[in-house]
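Student: Next come the chains, spelled out residue by residue.
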Amino acid sequence: DVKVTQSSRYLVKRTGEKVFLECVQDMDHENMFWYRQDPGLGLRLIYFSYDVKMKEKGDIPEGYSVSREKKERFSLILESASTNQTSMYLCASSSDGENSPLHFGNGTRLTVT
Amino acid sequence: AQSVSQHNHHVILSEAASLELGCNYSYGGTVNLFWYVQYPGQHLQLLLKYFSGDPLVKGIKGFEAEFIKSKFSFNLRKPSVQWSDTAEYFCAVTPLNSGYSTLTFGKGTMLLVSP
Chain U
1 DVKVTQSSRY
11 LVKRTGEKVF
21 LECVQDMDHE
31 NMFWYRQDPG
41 LGLRLIYFSY
51 DVKMKEKGDI
61 PEGYSVSREK
71 KERFSLILES
81 ASTNQTSMYL
91 CASSSDGENS
101 PLHFGNGTRL
111 TVT
Chain G
1001 AQSVSQHNHH
1011 VILSEAASLE
1021 LGCNYSYGGT
1031 VNLFWYVQYP
1041 GQHLQLLLKY
1051 FSGDPLVKGI
1061 KGFEAEFIKS
1071 KFSFNLRKPS
1081 VQWSDTAEYF
1091 CAVTPLNSGY
1101 STLTFGKGTM
1111 LLVSP
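For the record, the sequence lines run as chains U and G. Numbered according to the numbering used here, the first sequence spans residues 1 to 113. Numbered according to the numbering used here, the second sequence spans residues 1001 to 1115.
It should be emphasised that the hints constitute simulated quantities derived from the structure, not laboratory data. Computed from a predicted model, the values in this text were never measured in an experiment. For glycine and all other residues, C-beta sits at the position ideal for the given N, C-alpha and C. Be a bit skeptical, because a hint or two may be false.
[As the list claims (entries may be wrong)] Straight-line alpha carbon distances no greater than 25 Å define the calculated DSS-like cross-link-like pairs of lysine-lysine that follow:
no. : chain 1 : residue 1 : chain 2 : residue 2
1   : G       : K1071     : U       : K3
2   : G       : K1058     : G       : K1107
3   : U       : K57       : G       : K1107
4   : U       : K3        : G       : K1061
5   : G       : K1069     : G       : K1049
6   : U       : K70       : U       : K55
7   : G       : K1071     : G       : K1107
8   : G       : K1069     : G       : K1107
9   : U       : K3        : U       : K70
[Unchecked claim] Incomplete in silico selection of chain U near chain G, CB under 7 Å:
no. : residue
10  : L41
11  : L43
12  : G63
13  : S67
14  : L102
15  : F104
Given only the sequences and the hints, what does the whole structure look like? Please build it.
Tutor: What follows is the structure in structure tokens.
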């Protein structure tokens, strides 16, 4: 069974801190994604990656960056956390195969104070 | 760009009641359609999907959805809900063969089933 693991379930950070959210998948998937989930807004794509060292902006990349140095790991970076980045962050992965499903991690609830 | 509209933000039902959650999308071309579910404290998981073929799609846990192209709709149904169906449900759409980078989610419907 595919496992997408997000390193922290809950995180509390102060405004201006640099924050790293880590995601690891164990199925050798090519594609990885970072979403944020907010009540009443659904899921919005922040960044995605189709390969190692490759990254593409999603719908709401402002204030975020990503890193994919290894195929199994996709990190989301908040260079200087702000209170409007308080949210639930979801990582997901998929393979390149046709009709392959999207697998989600359990999420990291980040609070920026 | 495509968009997805889910008709209800919150739905409250009693056990054994029938469920229908509305989902409409806007996009001029052919699409792939999905319903995801997030149970309390759990990760988002796929309920069912439509790529092509029979527009009536059956998913896990007795859920089904019907794709009506003329109405741009993909409503989720279950004839008799259980307390364990309490969850948040998301409809999502992506243009055909575009991959998940263009997957657009609806705002979600929170379903509460009372025992």
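Student: Please go over all the hints and tell whether each is borne out by the structure.
Tutor: Status of the hints after comparison with the structure:
| no. | hint | result |
| --- | --- | --- |
| 1 | K1071(G) - K3(U) | 37 Å, violated |
| 2 | K1058(G) - K1107(G) | 22 Å, holds |
| 3 | K57(U) - K1107(G) | 21 Å, holds |
| 4 | K3(U) - K1061(G) | 21 Å, holds |
| 5 | K1069(G) - K1049(G) | 15 Å, holds |
| 6 | K70(U) - K55(U) | 12 Å, holds |
| 7 | K1071(G) - K1107(G) | 19 Å, holds |
| 8 | K1069(G) - K1107(G) | 21 Å, holds |
| 9 | K3(U) - K70(U) | 16 Å, holds |
| 10 | L41 | 6 Å, holds |
| 11 | L43 | 4 Å, holds |
| 12 | G63 | 20 Å, violated |
| 13 | S67 | 18 Å, violated |
| 14 | L102 | 5 Å, holds |
| 15 | F104 | 4 Å, holds |
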